[in-house]
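A.B. asks: Produce the complete structure using the sequences and hints provided.
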Amino acid sequence: MTERAIDVRGLHKSYGDLEAVKGIDVHVDVGEVFALLGPNGAGKTTTVEILEGYRERTAGEVSVLGFDPASGSRALKERVGIVLQSTGIDPFLTVAETISLYSGYYPHPRPVDEVIDVVGLDEKRDSRVVKLSGGQQRRLDVAIALAGDPELLFLDEPTTGFDPTARRGAWEVVKNLASLGKTVLLTTHYMDEAQYLADRVAVIAAGQIVAEGPPSTLAGRDVGRTHIRFRPDPGAELPPVAGGDASRRTDGWVEFESMEPTRALHELTSWAVDRGVELDGLEVRRPSLEDVYLELTGDQHPEAQPEPVASGRGRRRGR
Amino acid sequence: MNVPTLTLRQVRFTNKAFWRNPPAWFFTFAFPLMFLVIFTTLLGNGSVQVGGKEIQESTYYVAAMAAFGVITACYTNMAISVSFQRDQGILKRTRGTPLPGGAYLTARVIHSMLMAILLVVISAAFGAAFYNAALPSGVSLLRFIVILLVGSASFCALGLAVTALIPNADAAPAVVNATILPLLFLSGVFIPVGDDAPTWIQWVGRIFPVRHFAEAMGAGFIGTPFHWQDTLNVAIWGLAGLLLAARYFTWEPRR
Numbered sequence: 019m020t021e022r023a024i025d026v027r028g029l030h031k032s033y034g035d036l037e038a039v040k041g042i043d044v045h046v047d048v049g050e051v052f053a054l055l056g057p058n059g060a061g062k063t064t065t066v067e068i069l070e071g072y073r074e075r076t077a078g079e080v081s082v083l084g085f086d087p088a089s090g091s092r093a094l095k096e097r098v099g100i101v102l103q104s105t106g107i108d109p110f111l112t113v114a115e116t117i118s119l120y121s122g123y124y125p126h127p128r129p130v131d132e133v134i135d136v137v138g139l140d141e142k143r144d145s146r147v148v149k150l151s152g153g154q155q156r157r158l159d160v161a162i163a164l165a166g167d168p169e170l171l172f173l174d175e176p177t178t179g180f181d182p183t184a185r186r187g188a189w190e191v192v193k194n195l196a197s198l199g200k201t202v203l204l205t206t207h208y209m210d211e212a213q214y215l216a217d218r219v220a221v222i223a224a225g226q227i228v229a230e231g232p233p234s235t236l237a238g239r240d241v242g243r244t245h246i247r248f249r250p251d252p253g254a255e256l257p258p259v260a261g262g263d264a265s266r267r268t269d270g271w272v273e274f275e276s277m278e279p280t281r282a283l284h285e286l287t288s289w290a291v292d293r294g295v296e297l298d299g300l301e302v303r304r305p306s307l308e309d310v311y312l313e314l315t316g317d318q319h320p321e322a323q324p325e326p327v328a329s330g331r332g333r334r335r336g337r
Numbered sequence: 027m028n029v030p031t032l033t034l035r036q037v038r039f040t041n042k043a044f045w046r047n048p049p050a051w052f053f054t055f056a057f058p059l060m061f062l063v064i065f066t067t068l069l070g071n072g073s074v075q076v077g078g079k080e081i082q083e084s085t086y087y088v089a090a091m092a093a094f095g096v097i098t099a100c101y102t103n104m105a106i107s108v109s110f111q112r113d114q115g116i117l118k119r120t121r122g123t124p125l126p127g128g129a130y131l132t133a134r135v136i137h138s139m140l141m142a143i144l145l146v147v148i149s150a151a152f153g154a155a156f157y158n159a160a161l162p163s164g165v166s167l168l169r170f171i172v173i174l175l176v177g178s179a180s181f182c183a184l185g186l187a188v189t190a191l192i193p194n195a196d197a198a199p200a201v202v203n204a205t206i207l208p209l210l211f212l213s214g215v216f217i218p219v220g221d222d223a224p225t226w227i228q229w230v231g232r233i234f235p236v237r238h239f240a241e242a243m244g245a246g247f248i249g250t251p252f253h254w255q256d257t258l259n260v261a262i263w264g265l266a267g268l269l270l271a272a273r274y275f276t277w278e279p280r281r
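From first to last, the protein sequence lines stand for chains A and B. So that you can map any letter, position 82 of the first sequence is 100 in the working numbering, and since no number is skipped, the others follow by simple counting. So that you can map any letter, position 184 of the second sequence is 210 in the working numbering, and since no number is skipped, the others follow by simple counting.
Hints may contain errors.
To be verified - With a cut-off of at most 27 Å between alpha-carbon atoms, the simulated DSS-like pairs for lysine-lysine come out as follows:
{"no.": "1", "chain 1": "A", "residue 1": "Lys193", "chain 2": "A", "residue 2": "Lys142"}
{"no.": "2", "chain 1": "A", "residue 1": "Lys149", "chain 2": "B", "residue 2": "Lys42"}
{"no.": "3", "chain 1": "B", "residue 1": "Lys42", "chain 2": "A", "residue 2": "Lys142"}
It should be emphasised that the hints constitute simulated quantities derived from the structure, not laboratory data.
C.D. replies: Rendered as structure tokens:
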């Protein structure tokens, strides 16, 4: 069995009457990049902060690198790097001084200039923190977490507020860490981020994990329904396979789903060829990670038991 | 690195950041001197009875403002800056590193104490140059150093303890001033409290540490009798502050 960096069983967390986390079982293997997805208030940050040692759990077993994080063990903190959602940095120190300050806390820190280089802040090396842009400060957050050369890195929404270029840059940083054998636990709102970075993802909704697996096969998205759509002339006759006028949308597109995309496409295209019509804008696609995510987290009622796999309610893309 | 080395290193970085914020340090040091000039100009022509001794008010204020400076640098600055760092998440970030929380706070206390000592030196030099203040020497100097160290450490501890009452950084100055300003007035720091003042004011002075601290500091500057009970009172308050801080101090924003 692979060694586990994080092992969580039956985790519960209540704040008074509010049950924020309702029995989570999850594990992260050593060397894995694991993403925790979920809407605000789903219990993501609570879970991560229990693992980081900031919160005490109500019930359950938690092991992080073999330690109980609630113990506040210094030996554990020496092996972990944390990027919190929002934390300040002393504004009057420079980038290099800040990283040097934090790396001094660890027994085997990475060289300061190497860390600065990894996050691409070389040009800002001697600038004071107060002079950095928001994105640059976020990169400094990551740099501080890397200063102690951690085995395990917690990244809580690391790229929120980044422009696309900066996001790409941050992704490369995480990819590099993964290639060095580091374990990364990531939370994010961005599906493309999870898709690109994570070996496995878990979707958390209303305090429970509702799906877990590699991003490419999450909740059966590789074997589930296929979306087919095209844009006929307004009022034109529709092929039977498309399910009649019900599938015609107000924007003029016709969209339908099929469990047998090969047959459906064959029927659709034969129908079109027979009539000599062109299927404008014809598109065939699998549900994206975002489709699956929205379906899993979309209709959360506090009392409802979330289903483990997507139900067939035919929810449209949420954009 | 062991904890004392880490703590000293933390003091160095705290110090570095402190001096890079000129408005903060300038006013920390200028404030007591400014008050000294204002009070002596407004009220400094008479004399005041302290402990059965007649003292020039201008000399009295040198000692009072040195005490005020220590309280500002320790209690006020500690409470406000730590609340601010708590709101900013700097404390929470530090909590996630191997640096022991005690080392972080001890470093801040040591830095505030160093700044308080520097402030006292400046006040003493200023007072000696312009207001005929005597500079403590011999045994008096040793006693002065003891009360300075005990007082600055105690007011730092009380500053850490009061952060438990501060909900967020915006409220910090209000809470801090509400707790310290009345005491400064009732303890004779701003306006001398003579032996003929109302009994309840005398009692405020006897119970709370501000008057004890100011009088023990005054003993060094103006030659009034030094009582170890003053130092003891301040030390007990400091210890209480430390225990309260240990129990109620939080590392995370309270919003």
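A.B. asks: Taking the hints in turn, state whether each one holds.
C.D. replies: Verification of the hints:
no.	hint	in the structure
1	A:Lys193 - A:Lys142	holds, 23 Å
2	A:Lys149 - B:Lys42	holds, 17 Å
3	B:Lys42 - A:Lys142	holds, 19 Å
When the structure is compared with the earlier hints, no violation turns up for any of them.
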